[in-house]
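Visitor: Listed below, chain by chain, are the residues.
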Amino acid sequence: MLFLRQTATIALKDLRSEFRTKESLNAAISFAVVILVLFSFAVDPTADQIREISGGLLWLVFAFAGALILNRSFARELGNDCLDALVASPVPGAALFLGKASANYVLLLIVELVSLPIFGVLYNMRWTRQPLMLAAVLALATWAVTVIGTVFSALTVNLRLRELMLPTLIYPMMIPALMAAMRLTTLLIAGEGIAADDWIWVRLLIGFDVIFTSLAVTLVEVVLVG
Amino acid sequence: MRERILYALGAIAGLWLARNLYVILLGLPDEAAQGAIYRILFFHVPGWITCFTAFLLAGISSILYLIKSDPRYDTFAVATVEVGIAFTVIGLVTGSIWARIIWGIWWTWDPRLTWALITCIIYMGYLMLRRAIDEPTTRAKNAAVLCIFSFASVVITYKAIDWWRTQHPGAVLSFRTGGGSIDPLMESMLFQNAAALLLLAAVLVAVRMRQEEIGREVESLRRHAHAI
Amino acid sequence: MDERNFTYMFFGFAAAWLILALYVLSLVAREKRLRRELDSVRNMLEQRERT
Amino acid sequence: MNAVAVEDLWKYYGDFPALREIQFTVSSGQCLALLGRNGAGKTTLLRILAGLSRQQRGQVRIFGRDARHPATRAAIGVLGHGIGVYDELSAIENLRLFGRLYDLPNPESAAKQWLERTGLAGVAASLVREFSRGMRQRLAVARAFLHQPSLLLLDEPFTSLDDRAVALLQSVLQEALQRGSTVIMSTHQLREAMEPATHVGLLNRGRLAFHGPRPEEMLGDPGWLYRAYGEG
Chain R
1 MLFLRQTATI ALKDLRSEFR TKESLNAAIS FAVVILVLFS FAVDPTADQI REISGGLLWL
61 VFAFAGALIL NRSFARELGN DCLDALVASP VPGAALFLGK ASANYVLLLI VELVSLPIFG
121 VLYNMRWTRQ PLMLAAVLAL ATWAVTVIGT VFSALTVNLR LRELMLPTLI YPMMIPALMA
181 AMRLTTLLIA GEGIAADDWI WVRLLIGFDV IFTSLAVTLV EVVLVG
Chain U
1 MRERILYALG AIAGLWLARN LYVILLGLPD EAAQGAIYRI LFFHVPGWIT CFTAFLLAGI
61 SSILYLIKSD PRYDTFAVAT VEVGIAFTVI GLVTGSIWAR IIWGIWWTWD PRLTWALITC
121 IIYMGYLMLR RAIDEPTTRA KNAAVLCIFS FASVVITYKA IDWWRTQHPG AVLSFRTGGG
181 SIDPLMESML FQNAAALLLL AAVLVAVRMR QEEIGREVES LRRHAHAI
Chain W
1 MDERNFTYMF FGFAAAWLIL ALYVLSLVAR EKRLRRELDS VRNMLEQRER T
Chain D
1 MNAVAVEDLW KYYGDFPALR EIQFTVSSGQ CLALLGRNGA GKTTLLRILA GLSRQQRGQV
61 RIFGRDARHP ATRAAIGVLG HGIGVYDELS AIENLRLFGR LYDLPNPESA AKQWLERTGL
121 AGVAASLVRE FSRGMRQRLA VARAFLHQPS LLLLDEPFTS LDDRAVALLQ SVLQEALQRG
181 STVIMSTHQL REAMEPATHV GLLNRGRLAF HGPRPEEMLG DPGWLYRAYG EG
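In order, the protein sequences belong to chains R, U, W and D.
For the first sequence, my numbering begins at 1 and goes up steadily by one.
For the second sequence, my numbering begins at 1 and goes up steadily by one.
For the third sequence, my numbering begins at 1 and goes up steadily by one.
For the fourth sequence, my numbering begins at 1 and goes up steadily by one.
Since the hints were made in silico from the structure, they are not lab data.
Do not rely on the hints blindly, as some may be mistaken.
Covered by chain W, per the in silico footprint, the following chain U stretches (three or more residues, Cβ under 8 Å) [unchecked claim]:
no., segment
1, 38-51
2, 91-100
3, 137-143
4, 215-221
One side only, chain R facing chain U, incomplete, derived with CB under 7 Å [stated by the list, open to error]:
no., residue
5, Val37
6, Pro117
7, Leu155
8, Met165
9, Thr168
10, Leu169
11, Leu178
12, Ile200
13, Val222
In this text, all values refer to a predicted model and were calculated from it rather than measured experimentally.
Glycine is no exception: its CB is placed at the ideal position from the N, C-alpha and C atoms.
Throw the hints in and build the complete structure from the sequences for me.
Guide: Put into structure tokens, the structure is as follows:
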């Protein structure tokens, strides 16, 4: 109970400071929009082609924009040595991690929910044909991105080349989840259901979430205590 | 003394590999469907066996480091990862050359191939992370955490041929198929070459570990000089 | 077919050995660099302790 | 009862021992001043006690428990180099946040009480970003003392404080000591530190060169210890 309260306190704290400054949220959303616009110049967006690559395009946008949010996650604690103050407090590392991860999760979902309609308008795409399944895939895959991103944000927070190291480390690590998300999102935006063959991707996503969340929760204390 | 033993073991591994090469090239018949090119597999499969073994040991060693915080485990982990990457590259390149003949293309985005490549990139990230951290204890600790995460990609690579219908051939070794898909003579040759490569890898790991120890000594002397 | 098949097999083996050789060479180079660094740091320490 | 017991503690950075064979105990109610040059290991030792860092060898017991035990950390107040409060939150939000994280029965009233005490009640709702240096330092003091810690770990607490913050810190320290709290602080400012200190420890290149009750000589001549035990 105390654990959950502490987790929520951390999450709310992060969300409050983010909404107050909107530093990373603004950056991430504008970045997402810019990529979406730029991409329309890269290909001639006929409906069929876009439908084919919609999942890939969207998840690249989410992953790139997400890195901006994840980068700030632990970096915002550096300013006045706040990270030390948090680690020295009786909050367990796992609660600190889950709190920060939940805040990032909310922020990433906001970016995604803003990007999706823009994608729909810019590319003339109806993306709501399988709303429930799409929401489920978004929820699972975004959590995967969040977990990896938050843990590696903690891992790289004190590095000289933090902004560079984080993306180089997280993208390869996220690929299984991104691949699954891209494949499933493409199917769902095209309005198809998930065929028997493609359930492996859902299982992969769930497995990824479970395995990496447990790993992260176990290891984060070691990462934070020097 | 330690060096002499290492060099001797290295020489034995080299000679063993040369002898295996001789048998593979001249002692074994061509394969019915693939012709001569199938002989690459005697390097390709043992190469991957070596690299999976290396990454597995690196993962175990990383866990032990986090538990005991003894720098020797970190030394072992970095040495095995680096040698593992060398063998991953061998696996990728030999596989690619084989694919050029059998499939007519160098590369395809088949799940097995894709994940093998991702594994390689992830472990290169491990080496990059190490370079970015100056303080040895933090470096060891953060690298150990990354190494444990990275092992997931090795597992996915290993299981990819079971989970997806891949263009990459399925399992051939009898401990995965229950036997029957490979000639016992060829399989025994494959394992012999794997043993020779593992021995070679062990020698390389030992050499690399000694270098890491020298590196630590240099770092600690620098700190010492700084403290004066 | 067969000739190319054969050449590529040789390519494969050559590539494998080449990669191993390159890795060994990189190890040798690092060994040299580390020895040099160790010597220079030791020298520096001696100098400092004398003064 | 011993508030802090450190036994054969070693901390390595790589192969370099930053702390070696550290062994000492601090009884409840004592105020230990850790002295030593830069790089002697004062900050490293305090970080280990605060649970921010882990030793490779040896044992640290704080109130009989491990340093990373949540109950231990709830009893410790830490004041480090940084102020440890968030620029983009207001003063009251900062204190409320830490009050909740320390699971205080009433974070709100504790926060208000400490804002009053530190003279920041008037600017409680302002963002810390807008605070002057002195106000930020006083808020940091409030953050560290908010949960009535029984062990205080202060790293160079008097360095670069303005007069008002020094006065505040001295008075809350006195109060905490009277309450029976234990204080361990590292310091360069010998004069300010010698007043409350009951004991002193001298770290020299990672070793505890001296530990014991404050020698009488130090009151008049704070540099005495360095000359007697240190590198002079």
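Visitor: Now look at each hint and say whether the structure bears it out.
Guide: Consistency of the hints with the structure:
1. 38-51: Since 5 is at least three, the answer is holds.
2. 91-100: holds (count 5)
3. 137-143: violated (count 0)
4. 215-221: holds (count 4)
5. Val37: violated, 28 Å
6. Pro117: Violated: closest Cβ of chain U sits about 31 Å from R:Pro117, beyond 7 Å.
7. Leu155: holds, 5 Å
8. Met165: holds, 6 Å
9. Thr168: holds, 6 Å
10. Leu169: With Cβ-Cβ at 5 Å, under 7 Å, it holds.
11. Leu178: violated, 11 Å
12. Ile200: R:Ile200 check passes; min Cβ-Cβ to chain U is 6 Å, inside 7 Å.
13. Val222: The hint holds - R:Val222 has a Cβ within 7 Å of chain U, the shortest such distance being about 5 Å.
In this structure, the hints that do not hold are numbers 3, 5, 6, 11, in rising order.
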